[in-house]
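**Q** Below are the chains, spelled out letter by letter.
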Amino acid sequence: MTSFDFTNSFRDADLVRGVMDEIRRTVTRPWVLMEICGGQTHSIVRHGLDQLLPPEIELVHGPGCPVCVTPLEQIDRALAIASRPEVIFTSYGDMLRVPGSNQDLFSIRARGGDVRVVYSPLDALKIARENPEKQVVFFAIGFETTAPPNVMAVQQAKALGLKNFSVLVSHVRVPPAIHAILSSPSNRVQGFLLAGHVCSIMGYWEYPPLAEKYRVPMVVTGFEPLDLANGILETVRLLEAGKVEVANTYTRLVTLQGNQPAQKMIAEVFMECDRAWRGIGVIPLSGWRLRPEYADFDAEQRFDVAEIVPKESPLCIAGQIMQGLKKPRDCSAFGTLCTPEHPLGATMVSSEGACAAYYKYGR
Amino acid sequence: MTDNLDITGAVCPLPLAHNEQIVLGHGSGGKMAADLIAKTFLPAFDNPALRAGDDGAVVDVPAGRIVLSTDSHVVFPLFFPGGDIGHLAVCGTVNDVAVMGATPLYLTVGFILEEGLPLDTLQRVVNSMKQAAAEAGVQIVSGDTKVVQRGKADGLYISTTGVGILPEGRNIGGAQAKPGDVVLLSGPMGDHGIAVLAARGELGFETDIQSDCAPLNGLIDDLLAACPDVHVLRDPTRGGVATTLNEIAKQSGVCITLFEKTLPVRPAVAAVCEMLGFDPLYVANEGKVLVILPRESADRALAAMRASKYGAEAVLIGEVSEAPVGRVLMKTAIGSTRVVDMLAGEMLPRIC
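Going line by line, the protein sequences match chains A and B. Residue numbers for the first sequence, in this note's numbering: 1 to 363. Residue numbers for the second sequence, in this note's numbering: 364 to 715.
Only chain A is shown next, with the shape it has when bound in the complex (with noise of 0.2 Å):
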């Protein structure tokens, strides 16, 4: 190839099919992937690459979708302070259909509430200077990805000594997350595509231990065709081999130690906390908070929340689709009461989500 160019090159299909047929030359038996992140699961069902995969390879789909594990109870959150007449309510745009107990923010902004969609946390602070009189929150949803401009908004109001700017924080990391799947009795994962994103801001250091201690290979993996398949045939050659290793096949953008003026930005703001993951439950020690420093940013004290109960469809199977454990397809719900005009669990309304995925995609 003369040329390789940023854009369409990781989408080539020839390029892609080469790679296929070499993961149909290395697969000998029937192994269980995970793509930890939503992105990639988007990506995978988008451009149809389970279809090209050899049989013996299964692919399940992670909980790395930050909208589907909100807990419900954050969300109910949001809600409650997004009605009130002071505040401008700032969100990315996924989060405005995720339904709580009983509405979504969309039905608080027909009903007259301030809710506004950002493409960044800097917007939003942005907001808050231009409206001294309103108080503004910033909804902070993410895994590690989100969480560098996230803390940099908590950090810059502190600097310009701003009164009028809160985050409901509701972060989420992932290497817990995988600790909870590789331990539970009932797991069928056998390899981890690791999330190339994730990994961008935070290196992959954190996983060998896991990878170690569960005895399962984990590979660094982008996000387009070529990346995913790429990262698949390296999971699938370390399962064959019997391989326990962490490898980087997303070498452009990922590197060990990760990105560490973020991690140090993130460690100043966040501190660990256990976390409510929408659907599967609480997982020590998988979440981060805002650092008692920074208490006067932090939305859940500033407005009296805390004590609000959600309640669940019962319908839903987001926690067992989330955990590798059932397909959306699997669900009695899917595609008649809930889609997403309709979704009755988070998984329906993020095009991260599993079963939004799917039903976009028409699986």
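FYI, nobody ran anything at the bench for these hints, they're computed from the structure. Just so you know, not all the hints are guaranteed correct.
Label-pair ranges, simulated between beta-carbon atoms [to be verified]:
| # | chain 1 | residue 1 | chain 2 | residue 2 | range |
| --- | --- | --- | --- | --- | --- |
| 1 | A | Ala295 | B | Phe568 | 28 to 36 Å |
| 2 | A | Pro310 | B | Gly640 | 26 to 34 Å |
| 3 | A | Leu285 | B | Gly640 | 24 to 32 Å |
| 4 | B | Gln512 | A | Asp304 | 34 to 42 Å |
In this text, a Cβ means the ideal position worked out from N, Cα and C, and glycines have one as well.
With chain A held as given, fit chain B onto it using these hints.
**A** Leaving out everything else, chain B in the frame of chain A:
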């Protein structure tokens, strides 16, 4: 009361002319409204039916069936690269009439103006409507203006209704797609939606993407002259190409398969979509038309479209088959097949 009232210096205060911004009086139906019509609307849209000044327009129509279509426009911001609300209000309705296979002739227009709107802004919008109507060869024959209090609207909204004539024997519509047909698209997807989004300044970066907003009746005339056997014409506006094709697949009871490799998207639009997580298949267009017709006519249709200013980049993007009924599928670039569903909910509000 004083006995010696000096009234030598007293004059009755004259009402202000209010010739710089819209006030509630402009929608009163009285003198100020008449003034607005005489100074702003009539000079721009001038034609005998409008000049008559009656409650309704009396117009001549050639033989054929009448096609009627109506559309409201609430785009924000009012002006964006490649167009504005006035241009959009004329083109949108002209295109809705034209994709029925009809020749658009007349428009009526309703303005809802917000108190405080600069008259200069209204004049720019009206001039733009005049230009678009002239290009499309339609007359604006009747109109209405209402003014609402400041804060009750966002500058101005425009509703337009179009009247066109459908020649006898022509039968074009969403239910006419047949297995064996092919799907053509007149140019790249998503320019309008991304241009409006960028014009709001919310992206945090600048682009030179222009809206594709344009009247398509000329292109459609040329196409139908070359290929009278066209089955379906539709402009993929809100919801984009994906949503429009889903509507057609359901109306016609057929399956439509797209070829990902041939889908036209400008690199700048593709880049913005990658960054924001949009799919250009779902982003709005205001100057594109989807054409479904028998495969043997495809080359002639493409040649006719490419000869027109607004169809220079026309391509074949898909084909029609029997099953699965009501589905749109896509052959992906890497050789797999997936479903292309309708848009769920609102992706980008107030783009038209």
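**Q** Look at each hint and say if it fits the structure.
**A** These are the hints, each one checked on the structure:
As the Cβ distance of A:Ala295 to B:Phe568 is approximately 35 Å, the hint placing it in 28 to 36 Å holds. One distance hint, 26 to 34 Å for the beta-carbon pair A:Pro310 and B:Gly640, holds here, with the actual separation near 27 Å. Separation of A:Leu285 from B:Gly640 is about 30 Å and conforms to the stated range, judged on CB atoms against 24 to 32 Å. The hinted window of 34 to 42 Å between B:Gln512 and A:Asp304 holds, with their beta carbons roughly 37 Å apart.
Hint check: no violations occur; every hint is consistent with the structure.
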